[in-house]
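Chains as they are written, first to last, in the working numbering: chain L, 17 to 389; chain F, 6 to 435.
Since the hints were derived computationally from the structure, they do not count as laboratory data.
Glycine included, C-beta positions come from ideal geometry on N, C-alpha and C.
Mixed in with the good hints there might be a few duds.
Each computed EDC-like pair below joins lysine to aspartate or glutamate, with the alpha-carbon atoms no more than 20 Å apart [what the hints assert, rightly or not]: (1) L:Lys288 x F:Asp416; (2) L:Lys367 x L:Asp180; (3) F:Lys319 x L:Asp380; (4) L:Lys338 x F:Asp314; (5) F:Lys424 x F:Glu279; (6) F:Lys424 x L:Asp219; (7) L:Lys338 x F:Glu322; (8) F:Lys424 x L:Glu266; (9) F:Lys211 x F:Glu276; (10) L:Lys125 x L:Asp39; (11) F:Lys319 x F:Asp298; (12) F:Lys319 x F:Glu369; (13) L:Lys384 x F:Asp314; (14) L:Lys53 x L:Asp180; (15) L:Lys384 x F:Asp313; (16) L:Lys384 x F:Asp315; (17) L:Lys270 x F:Glu343; (18) F:Lys424 x L:Glu274; (19) L:Lys270 x L:Glu280; (20) L:Lys384 x L:Glu324; (21) L:Lys384 x F:Asp298; (22) F:Lys424 x L:Asp271; (23) F:Lys424 x L:Glu280; (24) F:Lys424 x F:Asp138; (25) L:Lys338 x F:Asp298; (26) L:Lys288 x F:Asp138; (27) L:Lys384 x F:Glu322; (28) F:Lys211 x F:Asp266.
What follows is a list of derived Cβ distance ranges for each label pair [stated by the list, open to error]: (29) L:Gln145 x F:Gly308: 50 to 58 Å; (30) F:Ala50 x L:Gln284: 52 to 60 Å; (31) L:Thr370 x F:Gly70: 27 to 35 Å; (32) L:Thr22 x F:Pro257: 53 to 61 Å.
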Amino acid sequence: MDFSFTDEQNLLQESLSKFIQNDYGFDDRQKSAAHEKGFAAANWKQFAELGWLGMPFSEADGGYGGSAVDTMLMQEQFGKGLMVEPFVPTVVLAGGAIKIAGDAAQKTKYLAGIIDGSMQGALAYAEPQGRFNLADLVTTASKSGDGYQLTGHKSVVLNGPSADFMVVSARTSGDQRDESGVSLFIVESGANGMSRRDYPTVDALRASEVTLENTPGVLLGTEGAGLASLQQVIDEATIALGAEAVGCMEVLYKDTVEYCKTREQFGQPIGKFQVLQHRMVDMFMEYEQSKSLMFMAAMRLDEGYGPEAQKAVSAFKVQVGKSGRFVGQQAVQLHGGMGMTDELNIGHYFKRLTMIDTMFGNVDFHLKRFGRL
Amino acid sequence: MDPNLSLSDEEFVGAANVFLARHWQTADARLLGRRGELVRSRYLAALAACGRLTGHWPRQYGGLGWTPRQRWLWEREAARAQAPQPAAHGPDFLGAALITYGSEVQQRQHLPAIAEGSVHWCQAFGEDSAGLDLAQLTTIAVPVDRAASSSTGGVISAGWALTGVKPWVLDVPAGDTRLSGANWIYVLARVSAHPQPEPALSADAKFGVFLLDLASPGITVTPSRMIGEEAGRLDSLRYSVGCVTLDKVQVPPAGLLGPMDSTASLALGIEQAEFAQPGVVARNELLLAQLRDFVQSGELDGGSLWRDDDFRTKLHELEIGMASLQAMEARSLGAESEFVLAANLLIAARNRQISQQLADLQVEALGYFALPYTHLDSLDNEGPIGPEFSQPVLFGMLSNRAREAVLAPRDHLKNIIAKSVLGLSSATLL
Numbered sequence: 017m018d019f020s021f022t023d024e025q026n027l028l029q030e031s032l033s034k035f036i037q038n039d040y041g042f043d044d045r046q047k048s049a050a051h052e053k054g055f056a057a058a059n060w061k062q063f064a065e066l067g068w069l070g071m072p073f074s075e076a077d078g079g080y081g082g083s084a085v086d087t088m089l090m091q092e093q094f095g096k097g098l099m100v101e102p103f104v105p106t107v108v109l110a111g112g113a114i115k116i117a118g119d120a121a122q123k124t125k126y127l128a129g130i131i132d133g134s135m136q137g138a139l140a141y142a143e144p145q146g147r148f149n150l151a152d153l154v155t156t157a158s159k160s161g162d163g164y165q166l167t168g169h170k171s172v173v174l175n176g177p178s179a180d181f182m183v184v185s186a187r188t189s190g191d192q193r194d195e196s197g198v199s200l201f202i203v204e205s206g207a208n209g210m211s212r213r214d215y216p217t218v219d220a221l222r223a224s225e226v227t228l229e230n231t232p233g234v235l236l237g238t239e240g241a242g243l244a245s246l247q248q249v250i251d252e253a254t255i256a257l258g259a260e261a262v263g264c265m266e267v268l269y270k271d272t273v274e275y276c277k278t279r280e281q282f283g284q285p286i287g288k289f290q291v292l293q294h295r296m297v298d299m300f301m302e303y304e305q306s307k308s309l310m311f312m313a314a315m316r317l318d319e320g321y322g323p324e325a326q327k328a329v330s331a332f333k334v335q336v337g338k339s340g341r342f343v344g345q346q347a348v349q350l351h352g353g354m355g356m357t358d359e360l361n362i363g364h365y366f367k368r369l370t371m372i373d374t375m376f377g378n379v380d381f382h383l384k385r386f387g388r389l
Numbered sequence: 006m007d008p009n010l011s012l013s014d015e016e017f018v019g020a021a022n023v024f025l026a027r028h029w030q031t032a033d034a035r036l037l038g039r040r041g042e043l044v045r046s047r048y049l050a051a052l053a054a055c056g057r058l059t060g061h062w063p064r065q066y067g068g069l070g071w072t073p074r075q076r077w078l079w080e081r082e083a084a085r086a087q088a089p090q091p092a093a094h095g096p097d098f099l100g101a102a103l104i105t106y107g108s109e110v111q112q113r114q115h116l117p118a119i120a121e122g123s124v125h126w127c128q129a130f131g132e133d134s135a136g137l138d139l140a141q142l143t144t145i146a147v148p149v150d151r152a153a154s155s156s157t158g159g160v161i162s163a164g165w166a167l168t169g170v171k172p173w174v175l176d177v178p179a180g181d182t183r184l185s186g187a188n189w190i191y192v193l194a195r196v197s198a199h200p201q202p203e204p205a206l207s208a209d210a211k212f213g214v215f216l217l218d219l220a221s222p223g224i225t226v227t228p229s230r231m232i233g234e235e236a237g238r239l240d241s242l243r244y245s246v247g248c249v250t251l252d253k254v255q256v257p258p259a260g261l262l263g264p265m266d267s268t269a270s271l272a273l274g275i276e277q278a279e280f281a282q283p284g285v286v287a288r289n290e291l292l293l294a295q296l297r298d299f300v301q302s303g304e305l306d307g308g309s310l311w312r313d314d315d316f317r318t319k320l321h322e323l324e325i326g327m328a329s330l331q332a333m334e335a336r337s338l339g340a341e342s343e344f345v346l347a348a349n350l351l352i353a354a355r356n357r358q359i360s361q362q363l364a365d366l367q368v369e370a371l372g373y374f375a376l377p378y379t380h381l382d383s384l385d386n387e388g389p390i391g392p393e394f395s396q397p398v399l400f401g402m403l404s405n406r407a408r409e410a411v412l413a414p415r416d417h418l419k420n421i422i423a424k425s426v427l428g429l430s431s432a433t434l435l
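Only chain L is shown next, with the shape it has when bound in the complex:
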């Protein structure tokens, strides 16, 4: 049992932490989010130059790392900065799907583009009726000549507006919720029959409702056996997103403690009131417990993907969902009215944490999954 990082990982964490501290303050973040695409292209270019976009990929795939721990430690820092740049949609979700299911040619084409920053991606897996069930698919794909044609509606596709390509899940056989018969496809943005309705999310990201009508797609992986790959991508992304939440929680609990040390009411800092102290202690404990399960989940995943790793992921997501909401709500409460203003960062972290609970399955969903595994 070893919870220490390698020298490379320590350096990576340091350089990310410096970037967030020096170049990604809350004002910078707000400026990024206000760009037309919802993030700063200059930042993305810098991430590519620093090699960050290649960290989740192994050297064989043209990357520089490839472990879940690498992605985890990056996402934790991104979470502290409440970053809006689409690292999870492009690198972890779209890139992850191609890393897991792609053939050599697909990897060469798409992973290279992701790693050098020239390509944006998205994973279109959710559907209006499916809730958190990855296999509940109405979207269908049928063979047409050399390729496939896809028809259906994919919901809340993060980074949809900027994506150059999307990895889309669709049913090639079986009934609506069958585990077999799910396939993954690569669909180029702007392909025939694809239409998008773009919108911002509550937590300042960008997403799309995507409609496909006989839209051409290229098969990614084995036909009918895409669910396992999709599940793995989602589990990897769950750790990444959870790590982001841990970063958010750290900022919230520390900022709240600092605020309560200086904010005076009734002639004394409010941090002297025991009721408030205990709430902050609970915030601290929720953060640390989440962080502990974050390490376990990432380490288990790096041991190999299977039920053990899945169980660790679900345990982590349950904790993050509960802790994130608690820490977010308490931070807002303890900051008083200021906590809900647009001007202060607190409310924005709260919104992000609340959305993270919903992403990839909320507390109840993962508690049940944990029990089944």
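Given chain L, work out where chain F should sit, using these hints.
Below, chain F without anything else, positioned relative to chain L:
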């Protein structure tokens, strides 16, 4: 980052399991009544004989020089084997204090006796009027010799006479059965500069920790029955609470531990040692696994409880809580001392909550069999009533609550975290 044990950890765990296999059968944990008590004391004697009672002490003090990681691994294996837990006052609390603050004479007198298991200690800090606020202590040590009181205010004495009442002493010997329980006691007391103690508590009062043989003249021990306890029903006698009355108990100079101006840090060290309970999570995990097996067995109303989403949710929430505390324990091993303290406090606070939730869940699962309250003699002669695992449950649930109330309660732990981890100032703590 690696979730697995290193090769040397594996070797250490291997040796621990060899020891456990030789001296403790998991089935022994199910022995109740006096037979159980006998088997347990035999195991504890083996523990002491192999040095494992104080394995975490440095070698020069008679320990095995275990690292914090090895200590944790040992406690985890012992917990998984359901081996009895020795009382911590000697090996953990006083032992560490003696090693840091004790004179050579005190170390020579007390450390080997603790390591060999020949002397068991109990602790007397709190009082009726001084629960967590130890500055209100009224137990007083008065210098025996008037001439020894120096003009500079320092206390030089040929000895002291201790007087006071300590009503919340854990692990005192209970009743007429002396299979376990302590035979020595360390007492926190106010130290008077004069033979006639001041009537009012002065702000610059001095305190000392005194080491006493429980058999000294002037000491009376009265066991206090806690809820869930009944004379003759105690599965583990050292868990009982007693009231210790001190009436002019004579203490020689070597009975004062460390210089008096280090008493505060000494007491703080003991308090912090109380929060660190390596392996404590593993014990709860085992209880949870037993509960899970019981519920899953399908004998109860056709297995309806296992299919009950509400019950399952509570069970899985506990599992996840324990998993995070396990990881927290592992993270703290070999970490910086500030993080170790924070982690210990967090684990102590959360684990107490989990223990009580677990006990509630056990009672919920037992249904009617939570009711029987079997006398020790009846257990010896006729065996348990209801499922085997039900016997210690109610007793455990109640005694856990009593224990938490006597030791620092959760809210107090939060006060300490607020102060020492988050840097939030509040009322003064010793």
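List of violated hint numbers, smallest to largest
2, 6, 10, 25, 29 and 31
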